[in-house]
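**Q** If you're matching them up, the sequences are chains A and B in order. Note that the first sequence covers residues 1 to 281 in the working numbering. Note that the second sequence covers residues 282 to 600 in the working numbering.
Just so you know, these hints were derived from the structure itself, not from any lab. Computed from a predicted model, the values in this text were never measured in an experiment. Wrong hints could be hidden among the right ones.
[Stated by the list, open to error] Listed below are several chain B residues computed to face chain A (Cβ distance under 8 Å; list not exhaustive): (1) ALA441; (2) SER480; (3) GLY481; (4) SER517; (5) GLU521; (6) LYS525; (7) GLU531; (8) LEU534; (9) TYR586; (10) MET592; (11) GLU594.
Glycine included, C-beta positions come from ideal geometry on N, C-alpha and C.
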Amino acid sequence: MVIDKLKKHSSESNEEPKSKADIPVGKWVKCDKCGEIIYKEKLHENYSVCPLCNHHFRLSARRRVWQITDEDSFKPFEELTNLKTVNPLDMPEYMDKLKSLQEKTGMTEAVYCGTGKINGEEAVICVMNANFLMGSMGTVVGERITYSIEKAIELKLPLIIFSVSGGARMQEGIMSLMQMAKTSSAIAKANEAGILFISVLTDPTYGGVTASFASLGDIILAEPGAMIGFAGPRVIEQTIKQQLPSGFQTAEFLLEHGFIDKIVERKDMKEVLYKLIKFNK
Amino acid sequence: MSIEIQKQIEELKEEIKELENINTDKMIDVADEIEEAKKRLKNLERISEGNLTAWEKVEIARNPNRPTALDYVDNIFDEFMELHGDRTCTDDKAIVCGLARIGEQNYTIIAEQKGRNTKENIERNFGMPNPESYKKGIRFMKQAEKFNRPIITFIDTKGAYPGIQAEERGQGEAIARSMFELSNLKTPVIAIVIGEGSSGGALALGVADQILMLENSIYSILSPEGYASILWKDGSRKEEAAEKMKLTAEDLLGFKVIDEIIKEPAGGVERNSVQEVASILKTRIMEITKDLKSKNVDTLVSERYEKFRNMGEYIREEK
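Go ahead and model the full structure; you've got the sequences and the hints to work with.
**A** Here's what the structure looks like:
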């Protein structure tokens with residue numbers, strides 16, 4: 001559904017390679033949007049944004065953390081790294097897939113959580129990872145996010161979640177769906193506790209993630225050009241039997257319709273987050 | 282057992298007897314016909330005993346003759362008054378809201394409503410809510426909290442509507458907000474899955490203290506067709522998907538996603554047998570309400586939180 005349509009955009013693997021086999025062959029990357037050939041190092045120096053057309057490439061969770069936190073300030077919640085799904089629908093191929101993704105990406109799941117400092121301001125930070133089953137939310141992702149929300153309440157820290165997701169994870173069926181209720185309930189609890197929650201939507205954010213915590217920020221930011229929606233473009237086209245208008249479901253479209261507070265370029269993200277935390281102190 | 286199935290079984294038995302008579306009396310070979318009829322009888326008997334496949338339950342859950350939310354509301358409550366509008370722009374008819382009463386106990390009703398015929402279905406968008414339906418629901422949730430009324434939600438939808446305007450008006454946010462509000466509401470909430478409970482559009486009304494589910498209803502992440510097409514790139518493998526997805530009431534009770542299964546007549550409740558199921562629901566609603574009302578509000582809300590907090594089992598692997 002959403003995933004197919006969006007897969008084609010993720011040409012760059014930003015993950016820190018774990019084994020030699022994963023080291024990207026070339027030093028050059030082609031921009032999906034304008035076709036410009038960019039020297040990889042230069043792209044990364046430019047926040048993984050195309051210097052020519054401002055296209056925001058997808059970021060790995062780790063690179064995202066580096067970009068927005070003070071050096072060496074990020075401390076992952078170690079107690080979350082060994083959580084494993086019980087594979088509720090008994091799909092052996094799913095377990096194999098998880099294992100191979102863990103080896104390939106060096107990540108244990110589709111979200112990375114911990115605390116970090118933003119210009120000296122401490123926050124609980126969760127960053128989803130598009131390279132891991134398209135950032136889909138299963139039981140472990142739901143648990144990690146819920147735990148992080150509760151940690152923000154306990155530590156009385158602002159909460160920042162960077163979303164990138166195809167939605168609820170199909171392989172865990174109804175249990176994935178229930179993570180929407182679980183995370184939304186936790187956000188409601190944080191809200192009662194007066195915790196600032198900044199939700200940052202990045203390309204792409206869809207389905208069960210859009211329809212849960214990602215839409216519940218006190219402040220909702222998005223990166224330029226990010227595709228954001230509930231139903232995937234193909235599902236909508238099939239339902240209404242019409243072509244979708246251009247610019248539909250982009251961050252700019254959402255801003256225009258009143259569903260996000262502000263579009264923030266990647267190079268400004270850290271500063272904007274810092275200011276928002278200061279404004280809410 | 283439903284009268285309809287009982288009748289069919291009797292007729293089939295009669296038919297088999299006649300065929301056997303023909304076989305012996307007239308010396309005409311109808312062995313194949315007998316075999317075929319016996320197969321059908323066995324199948325009917327299986328259905329009458331409630332041994333249905335997951336796909337058969339999907340079909341029953343979607344049966345156009347299955348009672349809709351309003352059919353139950355009319356038969357459960359002594360009185361019901363529908364009230365309209367989201368107070369921002371419209372009255373989306375895929376969700377019906379209103380006030381109801383059993384004896385002295387008042388309730389707020391928030392119900393996903395499919396049409397009972399083509400005209401109604403068009404009016405109600407085939408039970409697929411737009412964001413305004415959820416916004417209307419949220420308005421009634423808050424009002425229920427204000428007046429201490431327990432809320433009964435009825436879940437029956439193929440999913441929230443995937444349309445251009447629905448996206449423009451924040452379908453995702455509306456669903457999220459509905460769960461957000463329900464999770465923290467200081468009044469009892471009972472959810473009843475009566476037909477199709479598909480995807481976030483269903484779960485939006487599902488964050489409740491007690492979740493009941495009719496025996497032949499389904500509750501799932503997506504339709505089996507959608508699931509098969511995403512996972513296997515082949516929507517025609519829907520029957521296999523239905524089996525794999527664990528979407529039946531029995532599966533979900535095992536997962537503790539629901540609390541209780543409500544029995545249906547064999548072969549599934551239909552509009553003419555709605556009273557049978559409605560009377561069970563009425564009793565259970567009254568009992569559960571009494572139980573939930575006896576709880577301190579803080580306990581009620583924190584138990585609701587823990588219920589969903591604990592959904593989604595995982596294991597801790599040794600490092």
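**Q** Would you mind marking each hint as holding or not holding in the structure?
**A** Status of the hints after comparison with the structure:
Look at B:ALA441: its Cβ gets to within about 7 Å of chain A, closer than 8 Å, so that hint holds up. Because the beta carbon of B:SER480 sits about 7 Å from the nearest beta carbon in chain A, less than 8 Å, this interface hint is met. The beta carbon of B:GLY481 is positioned within 8 Å of a beta carbon in chain A (closest approach about 4 Å), and the interface hint is therefore held. Checking B:SER517 against chain A by beta carbon gives a least distance of about 15 Å; that is not within 8 Å, so the hint is violated.
At a threshold of 8 Å, the smallest CB-CB gap from B:GLU521 to chain A is about 12 Å, leaving the interface hint violated. The beta carbon of B:LYS525 is positioned within 8 Å of a beta carbon in chain A (closest approach about 6 Å), and the interface hint is therefore held. About 13 Å separates the beta-carbon of B:GLU531 from the nearest beta-carbon of chain A, more than 8 Å, and the hint is not met. With its C-beta approaching chain A no nearer than about 12 Å, B:LEU534 sits outside the 8 Å limit, and its interface hint is violated.
A distance limit of 8 Å between C-beta atoms decides the matter here; for B:TYR586 the minimum to chain A is near 6 Å, and the interface restraint holds. Of the supplied interface hints, the one on B:MET592 holds, with its beta-carbon coming within about 4 Å of a beta-carbon of chain A, less than 8 Å. Restraint check, B:GLU594 versus chain A: the minimum CB separation of about 5 Å is within 8 Å; hint holds.
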